[in-house]
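*Asks:* Sequences listed follow chains A and B, in order.
Just so we're aligned: 45 in the numbering used here is position 45 of the first sequence, and the numbers increase by one with no gaps anywhere.
Start counting at 1 in the second sequence, then tack on 336, and there's your number in the numbering used here.
For the record, the hints were derived by calculation from the structure and aren't laboratory data.
Any given hint could turn out to be false.
Derived DSS-like pairs: lysine-lysine, alpha-carbon spacing no greater than 27 Å straight-line [to be verified]: (1) K480(B) x K499(B); (2) K475(B) x K5(A); (3) K524(B) x K373(B); (4) K475(B) x K524(B); (5) K479(B) x K524(B); (6) K475(B) x K333(A); (7) K479(B) x K499(B); (8) K479(B) x K333(A); (9) K333(A) x K5(A); (10) K373(B) x K333(A); (11) K202(A) x K163(A); (12) K86(A) x K62(A).
All figures in this text were calculated on a predicted structure; none of them were measured in a lab.
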Amino acid sequence: MRLVKVVERLLAAIPIMLGVAIIVFVFMRLTPGDPVDIMMGQGGAVSEGEIERLRSEFNLDKPIHVQLGLFLADLARGDLGNSFSKQQPVAKLIGERLPATIELAFGALLFGLLIAFPVGILSAVRQNSLLDRLSMGGAFLGISMPAFWLGIILILIFSVNLKWLPVQGRIDYDANLQEVTGLYVLDSILTGNRTALVSSLKHLILPSISLGAAVAAIVARVLRSSLLEILRSDYIRLARAKGAGEPRVVLVHALRNALIPTVTVVGLQVGVLLGGNMIVETVFGWPGLGRLVVEAIFNRDFPLVQGAVMVYAFTFVAASLVVDILYTYLNPKIEL
Amino acid sequence: MTDPSPPLLELRNLTTVFPTRRGEVRAVDGVNLTLRKGQILGLVGESGCGKSTVLLSILGLISRPGRIAGGRILLEGRDITRLSGREMRRIRGKDIAMIFQDPLSTLNPAFLVGEQIRESLRLHNMMPGPPWPFDRGRKAREKKRVLEVMEQVGIPAADARYKAYPHEFSGGMQQRALIAIGLACRPKILLADEPTTALDVTIQAQIIDLMRRINQEHGTAIILVTHDLGLAAEFCDHLAVMYAGRIVEIGSTDEVIENPQHPYTMGLLRCIPTVGERRAIEPIPGNVPDLATLPQGCAFSPRCEYAREVCNQGFFRLQPVGTDGPAGGNGGHRARCLRLSDYRLPEG
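Work out the full structure: start from the sequences and follow the hints.
*Replies:* See below:
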């Protein structure tokens, strides 16, 4: 029955996506700056006729509701249109960049959770200890440090001074990686390319830490506070009265319940990681979606921005659906 | 009447303290109790008098910074206050099990009820077999015992209920499940902390009947903590009345109810409504005292109608009163009141 509900929820996402599509379409056209002007500005002297020709090619000469109708009609067929500035299908451009963003988001999430779980659990169990104070102080730093600043510091230390890790990019040129999925770490494993695996992992480390530090901090704090509350509850007292040892009490009885608020926050973070990392991508020269979108916004490349926003909206919808599904496993009182 | 069986559980001068900003609070202050096999002892008093703290002290579950500051807890003659964490865990849930007040919040919402009962069996390796990877039948054996216990505590359709979550149970069924968790390892002692307070009156009676049956069929000794003197009088064979961390009166139920000696016990008895009798309930004036600022001498004296000036001074011992002599299980009927010694100040 869970599957039926999942399909229902996916269908319910359609109006949400439609709303997002209309809003982003309208707002892009309300922003000052004309895409054709910007393109022509780059091209130098052009005739009025040339400009008119381009406008009609992009359908910009038609009334806005007609443009919207054309956009939605294309969208319904799964066609995101062509980029104004790059003259290529938007789907293809996004498809090229999305794997890099996903790989970085996954790396950042992995780093964040690997730090957050031990830190959150230990500081809850040893509340007010030195360890607790230090890690909560660290979490405060993690939240307040801008990711680009952390990235630059990490590059200075580990790439420039120690020369342990590369400064930028996703992989060394001589790794000869054959792309399968576009996720380089996965592709290296699939093709059995050891050099490429080492190289892609090395490239992934610093950006993942820069981006994941905030995740680690936020998740550790949420996990700590929900564990603290649960460790005082009656069922934890019963678990102890049954004769369960502390590790079992904390990791089985308490953690399972503390995961409910934690999963919500992690789900939101996944959305943020996939959508908002243009700055870290820029610092590390990471060829992801974020940089593509920033460029597209400056160029008033309407179709490309619309397509990217649709992708972001979809990742948020998908992340919240995954969170809701996890909920039903964690808390039997909740149904989809 | 002499009682030949050696004591199962003895508290000797048990003192449990909690440090607070206003100084150390003695939640349990020099409590002496004896529990024998098959006995049902009632621990009665108002909220905050330390009765639940006695139970948690016995299990070694006083949460920090609280601690047992003095006295001994002897389980079959062995002092369990000095045991290591590991040794204590072997006792918890196996020799001494506890039932808590609010069944819904005491069951873990994320796990199946049956699995929560089975956990007790697994923690104490009650269904032993070959070592870990080779024992394929362990879960089945444990599950069989769980279903047995569930039926014993009156959970119908145990097979289906095994796979239910706590929120799918009614309040009475939740409390039965909790009792099943307590009974799974066949403990010698059951500590029941207000087990019926959160339940409807009709369900209360069923749960009390269930506990009485367990006591009679398995000889499980029970300490029942309650603020309901009427319930305790009906169910227990011995009563200890607590006030401000101390026992103020103790004895067999008949003696304490028929012939109360401490003014606090008398006050509690006047608070019990009786069906068919048109009598106003007389509440005890005043409030439960603040344990951080207890008066000198008798803690009850500020609320006591018999109080004299001398009640504020000195320390009063539990004195033998009544007729049944010291053999009544806890040293006979005794009370802690100056009135009983003709207003003489104790020596020293």
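*Asks:* Now tell me, hint by hint, if it's right for this structure.
*Replies:* Now for the hints, and whether the structure bears them out:
1. K480(B) x K499(B): Status holds; Cα separation ~13 Å.
2. K475(B) x K5(A): violated (33 Å)
3. K524(B) x K373(B): holds (8 Å)
4. K475(B) x K524(B): Holds, at about 25 Å.
5. K479(B) x K524(B): Answer holds: K479(B) to K524(B) is near 22 Å, not above 27 Å.
6. K475(B) x K333(A): holds (26 Å)
7. K479(B) x K499(B): With Cα atoms ~11 Å apart, K479(B) and K499(B) stay inside 27 Å; holds.
8. K479(B) x K333(A): Holds, at about 24 Å.
9. K333(A) x K5(A): holds (16 Å)
10. K373(B) x K333(A): Status violated; Cα separation ~41 Å.
11. K202(A) x K163(A): holds (11 Å)
12. K86(A) x K62(A): Distance of about 22 Å is within 27 Å: holds.
Violated hints, listed in ascending order, are 2, 10; each of the other numbered hints is respected by the structure.
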